[in-house]
Amino acid sequence: MKISKNFTLGECLKSDTAQRLGLKNEITQEGLVALTALVTQCMQPLREHFGRSIRCNSAWRSPLVSEAVGSSSRSQHCRGEAMDWEIVGIDNKELAQQVPKILSEWDQMILEMYDESEKNPEIRMETGWIHLSYNRIGENRKQILRAFRKGKKIVYEPWDLS
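Numbering (our numbering), first residue to last: 28 to 189.
One or more of the hints may lead you astray.
[To be verified] In silico DMTMM-like links for lysine to aspartate or glutamate, alpha-carbon gap of 20 Å or less: (1) 51 / 94; (2) 169 / 184; (3) 29 / 57.
Bear in mind the hints are in silico, worked out from the structure with no lab data behind them.
Could you build the full structure based on these sequences and the hints that come with them?
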């Protein structure tokens with residue numbers, strides 16, 4: 028089922044973790060409404076701007092799937108409000124730096140696990156991913172963060188896009 032010109036519900040529900048563990052990742056009606064808003068307001072405009080396919084790494088997650096990947100049942104993914112994504116062949120940091128110039132509304136954008144220390148630009152551009160969320164009901168904070176590992180912990184901090 029298509030939820031926009033270039034995005035299907037199937038790609039937004041796909042979860043390797045759910046498949047591997049035999050978990051259901053079924054979306055709720057409210058989740059589908061929120062996910063459709065995220066895709067139509069954020070992801071489809073980004074797709075059209077860049078003129079290239081967006082790889083959805085994770086969008087909708089049931090609470091069980093979210094916890095299985097090490098996140099929380101309170102994650103925006105469990106409400107259909109977030110997608111982790113990238114575009115093959117474009118550096119994830121450079122992509123993230125463009126998002127605020129393209130979109131007028133979003134809730135959170137997080138450059139996650141991008142490896143600044145990787146010397147090889149071909150490898151570095153493929154590290155990490157972008158988490159982007161959209162709140163169709165309340166205020167969109169336009170919060171910009173980066174996330175990285177510090178020991179065994181994941182740290183989130185404000186990011187000035189540099």
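Going down the list of hints, with the structure as the test:
For the suggested pair residue 51 and residue 94, the alpha carbons sit about 13 Å apart, so the restraint of at most 20 Å is met. For the suggested pair residue 169 and residue 184, the alpha carbons sit about 14 Å apart, so the restraint of at most 20 Å is met. Distance check on the hinted pair: residue 29 and residue 57 sit about 17 Å apart at the alpha-carbon level, within 20 Å; holds.
Consistency note: the structure conflicts with none of the earlier hints.
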